[in-house]
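Student: Chain by chain, the residues:
4 protein chains.
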Amino acid sequence: MTTILAGDLVQLVGRDHKYRLVRLQPGAELHTHRGMLKHDDMIGKSWGSRVDSHIGRPFYLLPPSLHDILRDTKRSSQIIFPKDIGYILLKLSIAPGMTVVEAGTGSGALTTALASAVGPQGRVISYDSRADMQTLARHNLEALGLEGRVDFRLRDITQGFEETDVPSLFLDVAVPHEYIGQVRAALRPGGFFGSIVPTTNQVSMLLSSLERHEFEFVEVSELSLRYYKPVPERLRPTDRMVAHTGYLIFARPVLEKIAEKKEDVPVEEIQPDGDSTGG
Amino acid sequence: MTTILAGDLVQLVGRDHKYRLVRLQPGAELHTHRGMLKHDDMIGKSWGSRVDSHIGRPFYLLPPSLHDILRDTKRSSQIIFPKDIGYILLKLSIAPGMTVVEAGTGSGALTTALASAVGPQGRVISYDSRADMQTLARHNLEALGLEGRVDFRLRDITQGFEETDVPSLFLDVAVPHEYIGQVRAALRPGGFFGSIVPTTNQVSMLLSSLERHEFEFVEVSELSLRYYKPVPERLRPTDRMVAHTGYLIFARPVLEKIAEKKEDVPVEEIQPDGDSTGG
Amino acid sequence: MTTILAGDLVQLVGRDHKYRLVRLQPGAELHTHRGMLKHDDMIGKSWGSRVDSHIGRPFYLLPPSLHDILRDTKRSSQIIFPKDIGYILLKLSIAPGMTVVEAGTGSGALTTALASAVGPQGRVISYDSRADMQTLARHNLEALGLEGRVDFRLRDITQGFEETDVPSLFLDVAVPHEYIGQVRAALRPGGFFGSIVPTTNQVSMLLSSLERHEFEFVEVSELSLRYYKPVPERLRPTDRMVAHTGYLIFARPVLEKIAEKKEDVPVEEIQPDGDSTGG
Amino acid sequence: MTTILAGDLVQLVGRDHKYRLVRLQPGAELHTHRGMLKHDDMIGKSWGSRVDSHIGRPFYLLPPSLHDILRDTKRSSQIIFPKDIGYILLKLSIAPGMTVVEAGTGSGALTTALASAVGPQGRVISYDSRADMQTLARHNLEALGLEGRVDFRLRDITQGFEETDVPSLFLDVAVPHEYIGQVRAALRPGGFFGSIVPTTNQVSMLLSSLERHEFEFVEVSELSLRYYKPVPERLRPTDRMVAHTGYLIFARPVLEKIAEKKEDVPVEEIQPDGDSTGG
Chain A
3 MTTILAGDLV QLVGRDHKYR LVRLQPGAEL HTHRGMLKHD DMIGKSWGSR
53 VDSHIGRPFY LLPPSLHDIL RDTKRSSQII FPKDIGYILL KLSIAPGMTV
103 VEAGTGSGAL TTALASAVGP QGRVISYDSR ADMQTLARHN LEALGLEGRV
153 DFRLRDITQG FEETDVPSLF LDVAVPHEYI GQVRAALRPG GFFGSIVPTT
203 NQVSMLLSSL ERHEFEFVEV SELSLRYYKP VPERLRPTDR MVAHTGYLIF
253 ARPVLEKIAE KKEDVPVEEI QPDGDSTGG
Chain B
3 MTTILAGDLV QLVGRDHKYR LVRLQPGAEL HTHRGMLKHD DMIGKSWGSR
53 VDSHIGRPFY LLPPSLHDIL RDTKRSSQII FPKDIGYILL KLSIAPGMTV
103 VEAGTGSGAL TTALASAVGP QGRVISYDSR ADMQTLARHN LEALGLEGRV
153 DFRLRDITQG FEETDVPSLF LDVAVPHEYI GQVRAALRPG GFFGSIVPTT
203 NQVSMLLSSL ERHEFEFVEV SELSLRYYKP VPERLRPTDR MVAHTGYLIF
253 ARPVLEKIAE KKEDVPVEEI QPDGDSTGG
Chain C
3 MTTILAGDLV QLVGRDHKYR LVRLQPGAEL HTHRGMLKHD DMIGKSWGSR
53 VDSHIGRPFY LLPPSLHDIL RDTKRSSQII FPKDIGYILL KLSIAPGMTV
103 VEAGTGSGAL TTALASAVGP QGRVISYDSR ADMQTLARHN LEALGLEGRV
153 DFRLRDITQG FEETDVPSLF LDVAVPHEYI GQVRAALRPG GFFGSIVPTT
203 NQVSMLLSSL ERHEFEFVEV SELSLRYYKP VPERLRPTDR MVAHTGYLIF
253 ARPVLEKIAE KKEDVPVEEI QPDGDSTGG
Chain D
3 MTTILAGDLV QLVGRDHKYR LVRLQPGAEL HTHRGMLKHD DMIGKSWGSR
53 VDSHIGRPFY LLPPSLHDIL RDTKRSSQII FPKDIGYILL KLSIAPGMTV
103 VEAGTGSGAL TTALASAVGP QGRVISYDSR ADMQTLARHN LEALGLEGRV
153 DFRLRDITQG FEETDVPSLF LDVAVPHEYI GQVRAALRPG GFFGSIVPTT
203 NQVSMLLSSL ERHEFEFVEV SELSLRYYKP VPERLRPTDR MVAHTGYLIF
253 ARPVLEKIAE KKEDVPVEEI QPDGDSTGG
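Protein chains in written order, with the working numbering: chain A, 3 to 281; chain B, 3 to 281; chain C, 3 to 281; chain D, 3 to 281.
Among these hints, one or two may not hold up.
Given that identical chains are not distinguished, each listed pair holds provided it fits within a single copy or across any two copies.
[To be verified] With a straight-line Cα cutoff of 25 Å, these simulated DSS-like cross-link-like pairs (lysine-lysine) come out:
#1 K259 - K231
#2 K259 - K40
#3 K76 - K231
#4 K259 - K20
#5 K47 - K259
#6 K47 - K231
Since the hints were derived computationally from the structure, they do not count as laboratory data.
Whole structure, please, built from the sequences with the hints as guidance.
Tutor: Here it is in structure tokens:
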């Protein structure tokens, strides 16, 4: 049975399943709408156990998942949803030890996921032209002890990225189609580019820009997440759902574009995962 | 400009966007339906460049993404789709250095993603009762140099897991509801449990079993991925799509279940990401 | 230009696109949160024109669509959504002059759509065991002048339907699987049966019951309706949507079930509309 | 028990659930891949009964649903799917006795549904500039005995519609945004306009055109239909589905557009059916 220690990040979950994240410090107190909890009463308890506030309201003590942490990101801007982040990490091929570039930093939700995934040997380089956003993101990363893995660049990417030969780069900005030349200059040929935009018009503009800059293997997709009410004898989807977070666009820069031979290219209607074939 | 070296894993992509993965060896040859390529002609080239087969058919030389590798998993069983894997990694909170348990191994697609995500300091412990499946999965991991991160256990989990206090555990088996007692014994309280099943009946049975074994925070969801034809002036979804891969179930074991106070629990219809609140 | 007459049903739409339906009567007044309107000021105006309340708030005068009328159904129970009703009408093959049976009446939304579709020469026979529901439904139909097309049967269908040789029958009840014997006795062989249920468990029970009672050509489906924000230069789906209304089940009774010859039956994965073929 | 008569339209369904529609004529023969059937052997049988071909292959004798008829529409162009047609009929408020205008005729699937819904007292006026399409559509309608309800206009709608004060009008053409002036001239103020287009770019262009021509209450939506495998103990969606048929656009012309008072207009994110409110 693993014991909760001072310095641990704890997810405190009430009976209504709402939660907050707290890093435990000896002597500190946590004040909630459902009463006060002393950190010292939580330190030394087992993970998964229960603690009551001074007015007797119960809470679970849990380690937060990365998913919970991302959902809890303090924000002053729209953040990318975890469902999209999970897919982005695979499409950009993020792994421990890697270097990845993103712009803009925003509130730092994707930055956090990238910093977690690249591990202590990896680097995240994060551009934003707004100092207030980077201050917020830095604060969010510090709360998780991940700030040492991130280089913040307070800079407008209109002037380009400082890096070259970058393996993976993600744009979460309002007009990604205006920066594809700069992306092209920074990315390693064969590298991984991704972006997310909310409107179909932005998708069209980004596609045109990617075409002009010799990108290939362009994929446009959207992910929908539907929850079910977890009742075994009355299983059904929830009544409402998030209908749209954004369109995801992925592409790869190549050195020399191969002209399409139209009759050679099957219209791949479904693009099922696991559809590759040998030569 | 980064150069392709002997020993590198290369994604060779033809004009029809179909690809194969090859590890380059001096002196070797690759035979495809579109002609032969000498590995020596690829070693030393830049990533993203083009190479032609002996009959003049062009191919791109790219580093494969983890997404491409997962899609390409050699299989003798249904594999979990990348869209689901990305979400699973976040929900199970997989990070560099961690230990994670899975059953069954199957063809090893999830095993591969887990092994990549935990990094060289992490461990994946993978159970399967079929030796042929583990042989195939081991072969797939060896092709990627990830086999050193995985401990295979050739064992029926009806007898339980060897591990205890495990932080994260995933079941990809036909009857997960029959193993929840064993999962409970292996998982750390507050740990992360996940599973995927194709039918609603299996979901209901799993939910009942999780209830009996004091799991909390049960989430049932499904992810849909819709592709668009990447044509800027005629943007539209593809005609067909994968309608269903599986239902995802996540839950967490707790030490002492808190009785629900009905009026205290809002019906959370949407469960939007980023919906947490402080106490 | 068509003029609005006394007795016409008018959809009065405010600037916020919320609406109410009113049947115009000389001398009457309509009191709204945005001021009062005299019916006499609306009678004689052209459809599509504007009228202001006594405090100057504008309203459009429009003929209501059947869709608007269904959405506006006064209810004391969940009603079937228009997106589902449209599909049900086609699957049950409802046309002018036909007879159709439904149970239960509920608040009468489907009853209204059926009464409209069968026209003045058709009949809707509507069963419900609750008098209050039928009173409400009758009131709703009277407001539209459609009550003459409906025969209400205040009766529990456990005792069966009075009709036989019915061409189309729809069940919107909590436990449709308990009434399939009664449905079978009422329906003409080759007729059209439909039902809607919210949970997967109900679907499974209904499928078992249909199998026991020699139904064939069973279809289970669900319809999703996603709205877009109608802004030409920023086209995107709305943020949220209705995730689930119900599962639709359709089937047809046959006189003599033909044994399936397994190798003869292709697994029809997609069942695209327009997929029929000649023999 | 209702008996099949000479002149009846029969849906003949084989063991593989594929079907064909046949109008029975004394003395005629039907030749299929599974043997020959004499019409005289079907006339006089009960609906829902079974008949065997001369080589012993079984078929069901069923009345076709309107849904089956629409799916079976002989086509030389893409037809509108039944799921979309059902919704269109409600949104355009089609009812027995009405007049409705459409362009283009195409293969006549929507024409057929409209002709069925307006009944013998109603009229469908159908424009197309291609004689071959109208010939095909007329042939399809004649097979169903519905041709008497349709007026075909062989005419390019660039020159406008002949009708005015039309209650409902649907455009299924490649460039609907080019004809909105003509639509406006034909439609009754407060009438119902609908259209379907496959790409987001067409949606944007149509929205701009509707704005220029004083249309209000613009709705853009898409309907998805997901089928389930009807197996009670293994209920699950089919593996693949139709991902996209088209975007549906509906709008209504008004006489005098009311300026939006921004703070007055709630962003209606979900637009749930049944969301109307009184004043």
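Student: All hints, please: hold or fail.
Tutor: Hints and how they fare:
no., hint, verdict
1, K259 - K231, "between (49 Å within a copy, 19 Å between copies)"
2, K259 - K40, "between (63 Å within a copy, 21 Å between copies)"
3, K76 - K231, "neither (27 Å within a copy, 28 Å between copies)"
4, K259 - K20, "between (51 Å within a copy, 16 Å between copies)"
5, K47 - K259, "between (60 Å within a copy, 15 Å between copies)"
6, K47 - K231, "neither (31 Å within a copy, 48 Å between copies)"
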